[in-house]
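One-letter residues, chain by chain:
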Amino acid sequence: MKRALVVLAAGLLAVLLIAAMLQLPAPAVDLPAAVGARLGESGVVHPVTAVLLNFRGYDTLLEIAVLLLALLGVLAAGGRETAAGGARAAPAALRMLARLAVPLMTVVAVYLLWAGALRPGGAFQAGAVLAAAAVLLHLVGLLPAWRSPAVPLRLALIAGFLVFLAVAAALLASGALLQYPPARAGALILLIEAALSVSLGLLLAGLLLFVSRGGVGGR
Amino acid sequence: MTSGLIFACAGAAVFALGVAGVMLIAHLLRRVLAFNLMGSGAFLVLVGLGQRAGVPDPVPQAMVLTGIVVAVAATALALALMRRLHAATGRAELPPAGDDD
Numbered sequence: 001m002k003r004a005l006v007v008l009a010a011g012l013l014a015v016l017l018i019a020a021m022l023q024l025p026a027p028a029v030d031l032p033a034a035v036g037a038r039l040g041e042s043g044v045v046h047p048v049t050a051v052l053l054n055f056r057g058y059d060t061l062l063e064i065a066v067l068l069l070a071l072l073g074v075l076a077a078g079g080r081e082t083a084a085g086g087a088r089a090a091p092a093a094l095r096m097l098a099r100l101a102v103p104l105m106t107v108v109a110v111y112l113l114w115a116g117a118l119r120p121g122g123a124f125q126a127g128a129v130l131a132a133a134a135v136l137l138h139l140v141g142l143l144p145a146w147r148s149p150a151v152p153l154r155l156a157l158i159a160g161f162l163v164f165l166a167v168a169a170a171l172l173a174s175g176a177l178l179q180y181p182p183a184r185a186g187a188l189i190l191l192i193e194a195a196l197s198v199s200l201g202l203l204l205a206g207l208l209l210f211v212s213r214g215g216v217g218g219r
Numbered sequence: 001m002t003s004g005l006i007f008a009c010a011g012a013a014v015f016a017l018g019v020a021g022v023m024l025i026a027h028l029l030r031r032v033l034a035f036n037l038m039g040s041g042a043f044l045v046l047v048g049l050g051q052r053a054g055v056p057d058p059v060p061q062a063m064v065l066t067g068i069v070v071a072v073a074a075t076a077l078a079l080a081l082m083r084r085l086h087a088a089t090g091r092a093e094l095p096p097a098g099d100d101d
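So the protein lines, in turn, are chains A and B. Per the working numbering, the first sequence starts with residue 1, numbered consecutively. Per the working numbering, the second sequence starts with residue 1, numbered consecutively.
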């Protein structure tokens, strides 16, 4: 009975949402044109990267802060007491494939980071690929789970946030928060993105590696 | 009806599917997955509506990119909490309502 009611209500919700979207008026502000008009001042050529790191830099700054918070939550809740047992031995072919794939993935991550200025790519994609490489290494048993973050790892985890915050604070002296001078915007964005890539990769990998039971080592 | 609008309508359907899942499923892992489904539906609506005029709008795309990363982090946190609950109670379901103080 409850099941049928909920399914019916959800169906109704979907119909309502679709009906509302079909009647939506045209947007009052033409955002693509607005982004296109100021793209020259943003320091990058790709509009999505310009929005992410320049026009709406706040979002990205807060996003990396949210990620840090999530990792802190995982560290606080992810039972360290369950961390036991050795790394499982993966088949030799899988291990070799991982050994071959990880250098390639690192190169792809650097490419994605660099490509972000011109075409789809950027710090998030690069960080995700780096994290995937670390998770792959862990799953085949080549990279032990992280027990608790030592000082170098802690520094690397917060580097992206700190670099972003430092740039934002430095810009505050010369105007508004996160308002890059157009001449140096490209270099600043690349600096932030490089730090973000490393931190994001470690953060996303840490979400698994700090709670994983495989492996007994640590860093 | 442009392809963007079709994406948005599909997103609304996915969102409703997720809502039904969150309300009906007791197992927390599956409930977290249903919650992710709601998020994916919302992302699809944002990106779809952003390009319903035929020109892709970079602003919702950037926000969805941000949202995806936050959703991954939130999912990991939810799963860590679920593991903690499982370690504490041996169950992967929330206690029935009215059980708490």
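Errors might be hidden in some of the hints.
[Unchecked claim] Chain B is nowhere near these chain A residues, computed Cβ spacing over 12 Å in every case: (1) Ala14; (2) Pro27; (3) Leu53; (4) Arg56; (5) Val66; (6) Pro91; (7) Leu94; (8) Val102; (9) Met105; (10) Thr106; (11) Ala123; (12) Leu139; (13) Leu162; (14) Ala170; (15) Ala173; (16) Leu177.
[Claimed, not checked] Some chain A residues close to chain B (C-beta under 10 Å, calculated; not the full set): (17) Leu12; (18) Leu13; (19) Ala28; (20) Gly36; (21) Ala37; (22) Phe55; (23) Glu63; (24) Arg95; (25) Met96; (26) Gln125.
None of these hints come from the bench; they were simulated from the model. Note that CB positions come from ideal geometry on N, CA and C, so glycine has one too.
Outcome of the hint check:
1. Ala14: 4 Å, violated
2. Pro27: 8 Å, violated
3. Leu53: 9 Å, violated
4. Arg56: 6 Å, violated
5. Val66: For A/Val66, whose nearest Cβ neighbour in chain B is about 5 Å away, the distance does not exceed 12 Å, so it is violated.
6. Pro91: 27 Å, holds
7. Leu94: At about 24 Å from chain B, A/Leu94 clears the 12 Å cut-off, so the statement holds.
8. Val102: A/Val102 clear of chain B: closest Cβ-Cβ about 21 Å, beyond 12 Å.
9. Met105: Per Cβ check, A/Met105 is outside 12 Å of chain B; nearest 18 Å; holds.
10. Thr106: Holds: least Cβ distance 20 Å, greater than 12 Å.
11. Ala123: The assertion about A/Ala123 is violated, with a minimum of 10 Å to chain B.
12. Leu139: 16 Å, holds
13. Leu162: Fine: 18 Å to the nearest Cβ keeps A/Leu162 off the interface.
14. Ala170: 23 Å, holds
15. Ala173: Answer for A/Ala173: holds, closest chain B Cβ roughly 26 Å.
16. Leu177: The assertion about A/Leu177 holds, with a minimum of 18 Å to chain B.
17. Leu12: Status holds, d = 8 Å.
18. Leu13: This interface hint holds because 5 Å falls under the 10 Å limit.
19. Ala28: 13 Å, violated
20. Gly36: 9 Å, holds
21. Ala37: Because about 12 Å separates A/Ala37 from the closest Cβ in chain B, which is outside the 10 Å limit, the hint is violated.
22. Phe55: Since chain B brings a Cβ to about 8 Å from A/Phe55, closer than 10 Å, the hint holds.
23. Glu63: At about 5 Å, which falls below the 10 Å cut-off, the nearest Cβ of chain B leaves the hint on A/Glu63 intact, so it holds.
24. Arg95: 26 Å, violated
25. Met96: 29 Å, violated
26. Gln125: Check passed: Cβ of A/Gln125 comes within 9 Å of chain B, closer than 10 Å.
Hints 1, 2, 3, 4, 5, 11, 19, 21, 24 and 25 from the list above are not met by this structure, while the remaining hints are.
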